[in-house]
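If you count the sequence shown from 1, you need to add 2 to reach the numbering used here.
It is worth saying that the hints were derived from the structure and are not from the lab. All C-beta atoms in this analysis are idealised placements derived from N, C-alpha and C, irrespective of residue type, glycine included.
Label-pair restraints from in silico Cβ distances:
| hint | residue 1 | residue 2 | range |
| --- | --- | --- | --- |
| 1 | Glu123 | Tyr46 | 25 to 33 Å |
| 2 | Gly73 | Asp52 | 23 to 31 Å |
| 3 | Ala51 | Asp77 | 31 to 39 Å |
| 4 | Gln10 | Ala88 | 26 to 34 Å |
| 5 | Arg17 | Gly76 | 12 to 20 Å |
| 6 | Gly135 | Ala66 | 15 to 23 Å |
| 7 | Gln10 | Val96 | 32 to 40 Å |
| 8 | Ile62 | Asn90 | 40 to 48 Å |
| 9 | Gln57 | Tyr11 | 18 to 26 Å |
| 10 | Lys34 | Ser54 | 17 to 25 Å |
When the alpha-carbon atoms are kept at most 25 Å apart in a straight line, the in silico PhoX-like pairs for lysine-lysine are as follows:
| hint | residue 1 | residue 2 |
| --- | --- | --- |
| 11 | Lys34 | Lys20 |
| 12 | Lys81 | Lys91 |
| 13 | Lys74 | Lys34 |
| 14 | Lys34 | Lys91 |
| 15 | Lys81 | Lys34 |
| 16 | Lys20 | Lys74 |
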Amino acid sequence: MAIPEHPQYLIPYIRRIKEGNFDEALAVIREKIPFPSICGFACYAPCEADCSNQQFGEPIAIRALKRAAAGKGGDLWFKNLTIAPATNKRVAVVGSGPGGLSAAYYLATSGHQVTVLEALEHTGGMLRVGIPGYRLPREALEAADSLTEND
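Given the sequences, and given the hints that come with them, work out the whole structure.
Here's what the structure looks like:
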């Protein structure tokens with residue numbers, strides 16, 4: 003499986019990370035991926051295995067770059083987040099696994115009022131119960147919790 007991200011998307015956030023501007027890198031990443039810290043820990047990185055950069059040496063460490071941006075970036079991306087005008091539409095998302103959380107994020111930024119319904123005490127679904135804490139630190143899931151909480 004080749005990298006699903008196009009170079010025109012990768013280059014801006016890699017450049018910002020190289021410059022030490024983690025806030026802006028995180029904002030660029032979040033245009034396509036709502037929870038980069040989770041991807042930075044839990045993704046098995048098929049794009050790295052098939053990276054065409056290997057012909058020049060090592061593949062681009064996309065997973066590590068996302069993890070670095072998420073870990074070192076602040077909340078500036080959130081302050082600059084573009085949210086569409088309210089649609090006055092209400093949407094319920096059943097389940098708070100990766101698909102449910104992503105759907106809730108994109109629906110909310112599209113101006114809809116979103117309620118996430120989850121049977122468990124915390125969000126995360128299989129991320130929380132199926133991936134051990136040494137592989138996916140619970141702090142990454144707590145960040146997703148705080149991002150999806152209702153005000």
